[in-house]
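K.L.:
Below are the chains, spelled out letter by letter.
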Amino acid sequence: MNAPIAIEVLRERGQREVFCGLTGIIWLHRKIQDAFFLVVGSRTCAHLIQSAAGVMIFAEPRFATAIIDDRDLAGLADANEELDRVVDQLLARRPDIRLLFLVGSCPSEVIKLDLSRAAERLGARYLPQVRVLNYSGSGIETTFTQGEDACLASLVPQMAQSHEAAQLLIVGSLADVVEDQLVGLLTEMGIEQVACLPPRRAGDLPAVGPHTRFLLAQPFLADTARALEARGARPLPAPFPLGVEGTRGWLAAAAAAFDVAPERLDAVVEAPIARARAALARHKPLLEGKRVFFFPDSQLEIPLARFLARELSMQLVEVGTPYLHRAHLQQEIEWLPEGVRLVEGQDVDLQLARCREARPDLVVCGLGLANPLEAEGMTTKWSIELVFTPIQGFEQAGDLAELFARPFVRRALISGAGSTTRGAAA
Amino acid sequence: MKLALWTYEGPPHVGAMRIATAMRGVHYVLHAPQGDTYADLLFTMIERRAERPPVTYTTFQARDLGGDTAELFKNAARDAVARFKPQALMVGASCTAELIQDDPGGLAEALALPIPVVPLELPSYQKKENWGAAETFYQMVRAFAKKDPGATPPVVGPRCNVLGPTGLGFRHRDDLVEVQRLLASIGVEVSVVAPWQATPADLARLPEASFNVVLYPETAGLAASYLKRTLGQPHTRTIPIGVRGTEDFVREVAELAGLDPEAAVARARDASTGRSAWYSASVDATYLTGKRVFIFGDASHAIAAARVAADELGFKVVGLGTYSREFAREVREAAARHGIEALISDDYLEVEAAVASAEPELVLGTQMERHIAKRLSIPCAVISAPVHVQDFPARYSPQMGFEGANVLFDTWVHPLMMGLEEHLLGMFRNDFEFHADAAASHLGAGAGPARPAIPVARAVVAPPADIVMAAVPPANAPPATVRAEADAAAPVALSWAPDAERELGKIPFFVRGKARRNTERFAAEQGLTVITRTTLYEAKAHYGR
Ligand code: SF4
Ligand code: SF4
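Heads up: the sequence lines are chains A and B, in that order. Each residue of the first sequence is one higher than the one before, counting from 1 in the working numbering. Each residue of the second sequence is one higher than the one before, counting from 1001 in the working numbering.
FYI, nobody ran anything at the bench for these hints, they're computed from the structure. Computed from a prediction, not measured in an experiment: that's the story for all the values here. Beta carbons are placed, not taken as given, at the ideal position from N, Cα and C, and that holds for glycine. One or more hints might be untrue.
What the hints assert, rightly or not - Simulated restraints, written as ranges between beta carbons of each label pair:
{"hint": "1", "chain 1": "B", "residue 1": "G1106", "chain 2": "A", "residue 2": "E12", "range": "44 to 54 Å"}
{"hint": "2", "chain 1": "B", "residue 1": "M1418", "chain 2": "A", "residue 2": "R226", "range": "53 to 63 Å"}
{"hint": "3", "chain 1": "A", "residue 1": "I414", "chain 2": "B", "residue 2": "P1393", "range": "16 to 26 Å"}
{"hint": "4", "chain 1": "B", "residue 1": "R1048", "chain 2": "A", "residue 2": "R30", "range": "19 to 29 Å"}
{"hint": "5", "chain 1": "B", "residue 1": "D1079", "chain 2": "A", "residue 2": "R341", "range": "14 to 24 Å"}
{"hint": "6", "chain 1": "A", "residue 1": "E188", "chain 2": "B", "residue 2": "M1418", "range": "43 to 53 Å"}
{"hint": "7", "chain 1": "B", "residue 1": "R1048", "chain 2": "A", "residue 2": "Q129", "range": "17 to 27 Å"}
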């Protein structure tokens, strides 16, 4: 490993305009299909998940909130009994559940409700039927995607010990279609032992041991990586599988660790790379030279900015990220164009002022800011879509470019239709 | 502790945000962790507000807890006043900050800010969004409305305030326009509208009216009783929803304004275009008679909807309920008038069970009930908050007043008509034109796995009537269209044998055109010139695979 390069990072500690870690439940519950996420929190927590989940109300969801009320606040013994009662009620209703996460929130943490003890207690009651784990998705401890980190980290101690020969572990939830593609490419290269964390079913939790090598598929998994290392697994330094370069670099890291001949790697990736390049070429004319500004959101900002700068020739005005894990992002940071303004943390009002001043062509930001900025005449891309959409891997590189191109296409299409009435909300 | 899958109301500080976003010249400093900033998107995405809500969150983190979260709050408040220059500041705590007991009110006071500060105490673990909005509005009114009657000029002429419309309200924006028109039509002047677009200075002028019009007791009830208590201003109690509700409202306003009630009603009717009563009376609406309807929502909208359903559309109310416990008594009384027992619950699962067991033909509810109804395949219309982006239509779409009654007629009857179509489609699902995976009608023509048209065959035959039928008519299309289709002249290239023509006539009219087209296409492909009864069934077998 090279020594981390020196980069200038502006650190801000003001008002953040980012979701808390509870939000991860929205994609995690889709990923692990027999898991249930029970938030132990307040009406605010319930309302946050519901607002972020939007249309997913159509199915009976595999998440819920145990809403703490003033009676629970009177005495802690009471709150534990209440929680047990709620879990009993829930599991009676959902006999299909195999894994229950008790998810901590700000209120449960401030009143020091010990969810790890609750998980042990309830686990003792429900094993082997249901495994009960806990993690924190609270806004005082976690920012947005860090909730997934905390969730996956809680799974690591549950993984069986593996003494077998070398195994590759892909860490971080990806859309099933992406996961299948990436595993397919790795298998084609001759890497047979590939497992994923999180698994699609709770019972398929992979084993881990000193022969495990892991590749992070997402940039926000610092705690999970630490927990895996504590189990003897070793990380493979790599860029993240976004765009052609990132995906190739990510696969190359696996190839190197598993002694795959470079020719074989090239042979496997040749056709998908050609397809991805062709798809990117379609969007490049629209994006080339455009100036983009990232508000901090998912920690995907740096790999995304790298992709936009290197594969679509966009200019980076500012790249904000809630946290910057230098070790995991080393390759990504090296790939960034020189002199880019990186900002860690947030002070939303100051950042908005910088954004207005810079008048970028495209602003990547959260849902709370998008429409107000559009009403000011800026073109925006909702960052949350980048978390919910399959964007990793060669076959999705074009889709990823399209996500950034769409706002421009749309603006051009409707530019004649009375833009003066923008923001007629009031 | 209570298990909640979905909630009808947010926490009380979201109610306070609805007041802050509705008003002008105020800013709300909320002591809260970062995740609570999600509430901004309710306003910017659901309501499509063009500005960020006027709210500053302190976004304290765990590492601040040991240290000085109070200092964080003070800085946030100071910065917000300097940056946004509001006329007044609202300060408060969200659920988490309530637990750390920093006392935002006391802290803000200690700052000696140059503007008035209204501290909000909204107990997050007991109360909910609507109460939070009502309490906040009341605190604002209490803080700013002048209490000294001598300081206010005497009221001349019929003059009222309109209280209730907030940010993120269900059709508040359009209701307000409609009610203002209504008041103007009977010669009542509106002094102050609040909280919508009101500044603290506007609230100070509340005493300059002789009475208050309360549009939404959920948000304005507390403030209105306060104004009655302290200033002696009476207020309206009738909700102007439905034709009768609107007329009763006009009478009540007229009495409070010292006008002749019946003359006022006549003037209000003259000034409006009420079609709903006639539409409901027309023979076309006969099929609405006795439709079983389940109604759930906030108390005001649910009670009003039940009245309209029963008295103006001739439905049978088989369920009536609310998630607002604060108004349980009113809803129970209304339910008793319809001879049923009210459902008072904010438990989504309980509501779902109640809907299922009442076996309604129409559900009038919130977005939650819309989803319940979808799952149970029952037609549904939305009548109340909690709001969704669809509840902010681009067109003018009030619920109140005579125009509101027109809107109710359309929006409640439409799903029944769509439901009827679905039903007919289901009835003929095994017909050869249909297959199990046909798309639902609300997805529009062409959605789903529609059979591709073969242009060659169309070029050969294409009788003009087919084009008429190509646009599937509504189930109650006039018979003339049907006859035109049945009498369609046989195409030149192909002829229909009389037995085949008769058989075709037995197929339901609204799919007959497609049956004819498919059979002709099949015959053309087979090189036939005469279509017989057998051809028809062969075509059916061919396409029905
Ligand atoms: S920030 Fe804390 S209180 Fe707010 S929704 Fe997230 S976990 Fe709940
Ligand atoms: S058309 Fe669709 S949305 Fe409308 S009532 Fe029928 S199923 Fe519901």
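K.L.:
Run every hint past the structure and note whether it holds.
P.N.:
Going through the hints against the structure:
no.	hint	result
1	B/G1106 with A/E12: 44 to 54 Å	violated, 28 Å
2	B/M1418 with A/R226: 53 to 63 Å	holds, 55 Å
3	A/I414 with B/P1393: 16 to 26 Å	holds, 19 Å
4	B/R1048 with A/R30: 19 to 29 Å	holds, 27 Å
5	B/D1079 with A/R341: 14 to 24 Å	holds, 23 Å
6	A/E188 with B/M1418: 43 to 53 Å	holds, 50 Å
7	B/R1048 with A/Q129: 17 to 27 Å	violated, 46 Å
The structure fails hints 1, 7 (numbered hints given earlier, in ascending order).
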